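Asks: Residue-level listing of the chains:
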Amino acid sequence: MKWVPKHLDTLLEALLQHLYLVVTSVGIALVISLVIGIASARHPRSFGLIIIITGVLFAIPSLALFALFIPVMGIGTAPAITGLSLYSLMILIRNIGLGFQSIPDDVMEAAHGMGYGRVRRIWEVELPIAMPFIVGGIRIAVVTVIGIATVAAYINAGGLGTIIFQGIDQRFPEKIIAGGLMTSALALSADYLLSSAEKYLRRRNGRPA
Amino acid sequence: MIVVEAFNWILAHQTEFFSAFNRHLALCLISLAIASAIALPLGFWVARSQKASFVAINIAGSLRSIPSLAILAGTMPFLGIGLLPSVVALVVLAVPPLLLNTVVGIREIEPSIIDAADGMGMGRREILWQVELPLAVPSIIAGIRTGAIQVIGGAALASFIGGGGLGDFINAGIAIMNMPRLVVGALPIALLAIFAEVFFGWLQRWLTQRR
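Listed in order, the protein sequences are those of chains V and Z.
Quick note: the first sequence uses the UniProt record's numbering, first residue 1, plus one each step.
Quick note: the second sequence uses the UniProt record's numbering, first residue 1, plus one each step.
The set of hints was computed from the structure by calculation and includes no laboratory data.
Only a predicted model underlies this, so the values are computations on that prediction, with no experimental measurement involved.
C-beta atoms are modelled at their ideal positions from N, C-alpha and C, and glycine is treated no differently.
Please note: incorrect hints may appear among the correct ones.
Label pairs and their calculated CB-CB ranges [to be verified]:
| # | chain 1 | residue 1 | chain 2 | residue 2 | range |
| --- | --- | --- | --- | --- | --- |
| 1 | V | P128 | Z | A33 | 31 to 39 Å |
| 2 | Z | I127 | V | V4 | 28 to 36 Å |
| 3 | Z | M177 | V | Q170 | 21 to 29 Å |
| 4 | Z | F195 | V | K199 | 32 to 40 Å |
| 5 | V | V4 | Z | L203 | 27 to 35 Å |
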């Protein structure tokens, strides 16, 4: 442990870059998948097709996906965020779609009968019911993307992966371990925080109003 | 078109391409086989006790939070570079999903089924081979599917620690900014992963419906 205490600022900068990559890409994917999720609740058949396609795309290894973006987008943050958004999208669409499909028909009819317009029904009825699924999806997406984002350093997107790659190139185990441990600590704390939120929302929804 | 150029490059360098392709496939299959040989017996053994299952599921869960890149890079200080550290890292990547699904698959079997088998006079070994294993198979296949996807993706990164395989073409392509060369590595890796996903998905559905 000689390198880490002297380079805390480098580590902090990499951590912040990593968070930036993760938050941006999951954020972009969240907006897109909410739109698709709301629309898909009424088209279960096309949703089934989306599930199959996203499942297959999700299997594509990160290095290969990033590499395939380079001819189109070059290297840097843009192809990295595009790739990471795609991975989050595949997770989020699945969970958010299931959340909106879990809303019972009579609840929708009741809202309609009470004179709720479409926007108000989505905002006040559908979204709160689907919320635990949405947060559950965000949890899986964030944890997955934190891991995958390390590979993004290879295409010059920065983040904690930079430290790991430096460790490989310089044969410097301490950097590899520091980068790896920080990434998994980040993933575990995100997992803990978001699963607490998910549990809280489920309990709140389970209580009869 | 870059893809056409990539294809032409493969045609012109068939030995080079197929030796990397075979190396990639061998890396994946060897690691998956070793991981199964570790995780399946361990899973059956651990599933006997509730406490051990809980511990195993949690350890496997935390192991999965370590990024693939860190696991591959982490073997280097101990084992150097080349084939051995790559295989060890890929085994570490594949064991958690396999173990998790094996344990869950067995724990989800209704206790009454085991009781019935016991009541019919089946021994422990018979229950294992004729009752528990067949009932847990769909879940185990789901674990192999996740493990295979992990390993194929991890094998692409093995190139960074001198493990060879198709990742070498991606590395070379980025190093000399040669786009067709990049595609020679990336496209087959993507197709391999998609093939594994579709194949194991089909196998899983087939085995579940057959029952």
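Asks: Can you list which hints this structure breaks, lowest number first?
Replies: Per hint list: 1, 2, 5 violated.
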